[in-house]
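J.: Residue strings, one per chain:
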Amino acid sequence: MSTEARSAIFARLQTASAEATANDILRESWALGHAPYPPLPCENTEQAFLTNVLSNRGTVDHAQDRSAAVKAIGRYLYTHYRTQRFVAGNDPRLAAMPWRDAGLLPRFGTVEVGEPLTVGFARLGVAELGATVSWTGKGNPSANNLLAEHHITLVDSADIVATSEDAWPRIQADMERIGRPRGINFVAGPSSTADIEGQLVCGAHGPRAWHVIVIGKLPKDALANALATTADK
Amino acid sequence: MEQKSDTFLANAATAMNDTAAAQRRDIMAAFTPIIRQQSIDGFSSYEPTRKHLKRVRQHTLNHLAHYLAEFETQALANGNHVHFARTPQELNSTVLDICQQHSARRIAKGKSMVTEETGLTAELEKAGLQVIETDLGEYIVQQAGETPSHIVGPALHKSADDVRQLFLDIHPLGERELEHTSDMVAEAREVLRTHFLQAEVGIIGANALIAENGYAMLVTNEGNGDLCANLPPVLVICTTIDRVLPRAEDATAMLRLLVRSATGQPQTCYTSFYSGPRRAQDQDGPVEVHIVLLDNERSDILDSEYRGILECLRCGACLNHCPIYQSVGGHAYGWVYQGPMGSVLTPLLTSLEQSAALPNACTACGRCEEVCPADIPLPAMLRDLRAREYTEKLTPARWRFGIAAHAWLAQRPRLYHSLSGIAVKLLRLLGRRKGYLRHLPFAGGWSSQRDFPAPQAATFMQQLHDKQRRERQRHEH
Amino acid sequence: MNDVSSDQSVPSERPTVALFITCLVDLFRPSVGFASLSLLQRAGCEVVIPGQQTCCGQPAYNSGDYRGARALARQTLKQLEAADYVVVPSGSCAGMISEHYPRLLEGPWRERALAVAAKTYELNAFLHSVAPARLPVVKVKTDSVAYHDGCAGLRELHVRKQPRELLHSVCGITVKELQQPEVCCGFGGTFCAKMPQISARMADNKLKDVQASQAQLLCGGDMGCLLSLAGRASRNGQPIEVRHVAELLSGDLSAPAIGKDT
Chain A
1 MSTEARSAIF
11 ARLQTASAEA
21 TANDILRESW
31 ALGHAPYPPL
41 PCENTEQAFL
51 TNVLSNRGTV
61 DHAQDRSAAV
71 KAIGRYLYTH
81 YRTQRFVAGN
91 DPRLAAMPWR
101 DAGLLPRFGT
111 VEVGEPLTVG
121 FARLGVAELG
131 ATVSWTGKGN
141 PSANNLLAEH
151 HITLVDSADI
161 VATSEDAWPR
171 IQADMERIGR
181 PRGINFVAGP
191 SSTADIEGQL
201 VCGAHGPRAW
211 HVIVIGKLPK
221 DALANALATT
231 ADK
Chain B
1001 MEQKSDTFLA
1011 NAATAMNDTA
1021 AAQRRDIMAA
1031 FTPIIRQQSI
1041 DGFSSYEPTR
1051 KHLKRVRQHT
1061 LNHLAHYLAE
1071 FETQALANGN
1081 HVHFARTPQE
1091 LNSTVLDICQ
1101 QHSARRIAKG
1111 KSMVTEETGL
1121 TAELEKAGLQ
1131 VIETDLGEYI
1141 VQQAGETPSH
1151 IVGPALHKSA
1161 DDVRQLFLDI
1171 HPLGERELEH
1181 TSDMVAEARE
1191 VLRTHFLQAE
1201 VGIIGANALI
1211 AENGYAMLVT
1221 NEGNGDLCAN
1231 LPPVLVICTT
1241 IDRVLPRAED
1251 ATAMLRLLVR
1261 SATGQPQTCY
1271 TSFYSGPRRA
1281 QDQDGPVEVH
1291 IVLLDNERSD
1301 ILDSEYRGIL
1311 ECLRCGACLN
1321 HCPIYQSVGG
1331 HAYGWVYQGP
1341 MGSVLTPLLT
1351 SLEQSAALPN
1361 ACTACGRCEE
1371 VCPADIPLPA
1381 MLRDLRAREY
1391 TEKLTPARWR
1401 FGIAAHAWLA
1411 QRPRLYHSLS
1421 GIAVKLLRLL
1431 GRRKGYLRHL
1441 PFAGGWSSQR
1451 DFPAPQAATF
1461 MQQLHDKQRR
1471 ERQRHEH
Chain C
2001 MNDVSSDQSV
2011 PSERPTVALF
2021 ITCLVDLFRP
2031 SVGFASLSLL
2041 QRAGCEVVIP
2051 GQQTCCGQPA
2061 YNSGDYRGAR
2071 ALARQTLKQL
2081 EAADYVVVPS
2091 GSCAGMISEH
2101 YPRLLEGPWR
2111 ERALAVAAKT
2121 YELNAFLHSV
2131 APARLPVVKV
2141 KTDSVAYHDG
2151 CAGLRELHVR
2161 KQPRELLHSV
2171 CGITVKELQQ
2181 PEVCCGFGGT
2191 FCAKMPQISA
2201 RMADNKLKDV
2211 QASQAQLLCG
2221 GDMGCLLSLA
2231 GRASRNGQPI
2241 EVRHVAELLS
2251 GDLSAPAIGK
2261 DT
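Protein chains in written order, with this note's numbering: chain A, 1 to 233; chain B, 1001 to 1477; chain C, 2001 to 2262.
FYI, nobody ran anything at the bench for these hints, they're computed from the structure. Ideal Cβ positions, reconstructed from N, Cα and C, are used throughout, including at glycine. Some clues are possibly wrong.
[As the list claims (entries may be wrong)] Result set (DSSO-like, lysine-lysine): computed pairs, CA atoms no more than 30 Å apart in a straight line: (1) B:Lys1004 - C:Lys2194; (2) B:Lys1425 - C:Lys2194; (3) B:Lys1425 - C:Lys2260; (4) C:Lys2141 - B:Lys1434; (5) C:Lys2208 - B:Lys1434; (6) B:Lys1434 - C:Lys2078; (7) C:Lys2078 - C:Lys2119; (8) B:Lys1434 - C:Lys2260; (9) A:Lys71 - A:Lys217; (10) C:Lys2141 - C:Lys2260; (11) B:Lys1467 - C:Lys2119; (12) C:Lys2141 - C:Lys2176; (13) C:Lys2139 - C:Lys2078; (14) B:Lys1126 - B:Lys1004.
[As the list claims (entries may be wrong)] Simulated restraints on C-beta separations: (15) B:Asp1183 - A:Arg27: 40 to 46 Å; (16) C:Gln2179 - B:Ser1448: 52 to 58 Å; (17) A:Arg75 - C:Gln2211: 29 to 35 Å; (18) A:Gly179 - B:Glu1002: 43 to 49 Å; (19) A:Arg27 - B:Thr1087: 34 to 40 Å; (20) B:Gln1058 - C:Pro2136: 47 to 53 Å.
Please take these sequences and the hints and turn them into a complete structure.
T.: In C-alpha cells form, the structure reads like this:
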C-alpha cells in the first residue's frame, strides 16, 4: 500500500511543483540566506543567556571552575533535598568532576523511577532562547532530562552561543565527528502546562525545576545583572 | 474524526447559551492577544523574520516534491521506516499494522492534530488497543469523551471545576480535594507516568521535518511528547507532507514566530529533533521508528489557489483573535480545526458542501491575517471559498437571489435610485413614530436580533437632486 | 451649492473631490452625506457627487458573487476616475475601492482601479492629512464620546488616530477609549443577516465595552457598524446615542441619532 501511495503522492506533487533541477533548487535555497538576527536582551551573550534562562523560569548559578561547580551542585541538592545523591549521565566531563570536593555521591547511568535529581552536561547554551542543548547518547540518556523532579544542567561558558543559527554549525561539527545523534534536545525551562483554564503550572510531565550552572569565565557582574533584570519584571 | 460542521449555526447557538463557558471564552479572548502582543513587542525582528519565513515556506512548497524526497532519503539513512498515506484510512491502517506487528496493547500518544484528522485513536481502540492521550489538554478531552476545542489548548473550554470533577470520577484514588490546578496537574502526572513506562508504542506528531538531515522536530511545554518519543520501544511519528523545511535553521527560525504567536513565550520548554531509532552507544530510546506521511488533499491544495494555507504554522493565533471563535467556541466548527484557519482547511480537507457555513463565519475583520505569523490571507481565502459556494450553488437560493437582484439593480442607477426612493419612503412610513422598525420584511435575520433604524428622510440622492433643481430654478428666475 | 468654508486661507487651487456617498448613507442617513459634503467644502475642496453612483459592490463581493461585484466595480470606477481625489464616508467602502477593486479586476481595468485606488481616501483620513484647508472649529454639545473603529478602516486603511485627532481639534472632544477597540462589532455586511445570533453577541460585547467607557455617544466612520450597533442597542433598551463622525465634525447634531424618533 505504502509504495503505491508513495508514487501516487509524488506524481501529484510533481505536477504541483515548479519545474526546476536539483541545482536550481539548491541555488534558490542559498539565496534565501539566514533569518534576521534575533534581538538579545543585552549585548553580552553570556548575560543574555542567563537572563533568558531566568525568564524561562529556570534558576541559575555560576561556578568559576569544576570544583566550584561541584560545590554549587552540593548546595542545590542540600537546599532542596538534604541529600548528596543524584543521577548523572556517563558523560566523561561529568565523570571527571571532583565530586568529593563537596562530598557528593553520583550514580552514573539512566534515572530510575523515584530518583528525584539528575545532573547533565549540556553541549551548548543558546542565549537567544535561554536554552541548553544536549544530544542523547551514552553521556546523556534522554530519560535524565525528563523523569527527574529537579534537573540540573551544567554548561561551559565557552559553549554559550548567541543564536540558534550559531548553534547549528556547532551541532553539525559534532555530527561529523560522532554521527547524527538520535535526539537533539533544546531545553528551555521546567516542564509546564497551561491546559487548565490557561493557568501556568510547572512540573506537567517532566521536571518541576530546572537549574542551570554556567562553568568558567563570565563577564564581570553578568550573573548579578541577569538576576537584577529579571527581578525587575 | 466525525464531522459536524453542517450544523454550525445550531452548534454555535448551543455554545452561546452556555453562559459560563461563553464567559471563559471572553476572558481568554481578552488576555491571549495581550500576551501575544507583549511577546511580539519584545521581539524586534518579528516583521523581517515573518518575511524571511514566508520566502522559505514558499520556496519549500514550490519544490515540495524535491524536499520531501530529500527528507525521505535522509530519514531512511537515519534508520527510520518511512510510510506514505494518501488518505486518513491509509494512515490509520499503517499505524495499526505497526502496533499489531509488535503485539502492542498500550499506546502513549502525544498531541497531533493530524491523528485527530484521521481519527486514529478511535481506529486503534476499535482494534482493542488502549490509547492514552498524554498532553494534559488532550487527556482531559479524551477522558471526558469530547473533542479538542482549540488546536493549541484542546481543553480550554473546560473550567477547573469540570476538570476536578472529571478526575475525581475517573481516577480511582480515594478521598482527595484537588483544590488547586497544580493538584490536578500533579495527579495527571502520576497517572500518566505509569502509562508512559508501560506503553509499547509511542505516537507523536511533528512540527517540522528537516529535509537536509531527516530529523523530525517536536515542540512541547509539558515534555509529554518527548516521553512518548523516548520511553516506549517503538515510536511512530505521524505528520503531513507539507511540514517539510529545507534546513534545521529554518525550523528554529520558524519557532521564533510559532511559539510567540501561540503562547506568548519566547521559546517552548522542550524543542526536540529526533532522527530515528537508538544508536549503538545509546542507553535508551526506541528500537524502531516509523514516520507516516499523510497527504489527505494537501497535494491538491498545493496545486490550487489555496496553496498558502499549507504555510500555516498551527499556532492558533487566528483563533485567539477571531471574534467569531470567541463567540461560538471551537466545538461549533464541528471538526478538528477551528477559527479562521479551520474555516479554510475544513472545507478543503473534507468537502465544501459539508462545511458550507464555515467560510461564512467571518466578518472579514482582518484581525486573523494581521496576527498570522505566516502572513496567510485568511479573509481572502474565506471569501474565495464563498465565491466557490456561489458558483457551485451551495449558497442558499434565497441568498443567491437577493445578492444577484441587488447587483442587477445597482447596475441600473436610474432604476436603482427611483426604487430605493420608494423603498425608503415605505420604511419611513413603517418606522415613523419610533425611529426604528422591529420587524422588517425580507430581513428576518437582522430583525430577529436588532431593531432596524428607520431611514431619515428621502434618499441622499433624491434630496440632492431636489436641492439642485431648486437652485437651478432660482437661477432661472 | 454655496461654499460654507470659513475664514481659513483657501488655496487658490481647489482640488476636485468625487464624494462617493455609499448606499447606506444614501438610503438611511442622508444627513451624513450632507455633512460630508459640507466638511469637504469647508476643507477647501470642489466637491462633485457623481449622479450614477449606487453601491460599491461589497455585498456581492463578500457573498462570493465576483461577477456582479466586478460589474459594479467598473461602473463605480467610471464615476470616480475624473476627480483629483475620491472621498468616502466609510472605511469599508473606501477599502473596497482602494484595496479590493485592484484584486478583483484584471487587465486595463486593473490599471484604472489602481489609479483610482491611489487617490481614494476614507473621509477622516482625507480631512486629517490630505485636504488643503484645516476644518473650522465647531461647537458640539457633548464631550462624552467613544469612537468605534470599523475593521476595514482600521486594518486596511490604517485609520485610527485621524478621527480622534479631528474630534479633538475640531470639536474639542477627547475620545473615551474602549478596552478592545480592535475587535469587530459583528456587523460584517451580509454576515449580520446570515448569522444574526453570533453577530448580535459580538454587538453586545462592543456595546458592553462602550457602556464601560461611560461614553454617552458612540460615533464611527462606517454606517454599517453604526446601524447595526444602534439597532442592537435599541433592541436591548440601551440608551446610547449613535452617530456618524461626520455629524460631529460638521457641528450639526440637529438630526435625531440613528434609530431614534424622527
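J.: Return the numbers of the hints above that this structure violates; sort them in rising order.
T.: 6, 13, 15, 16, 17
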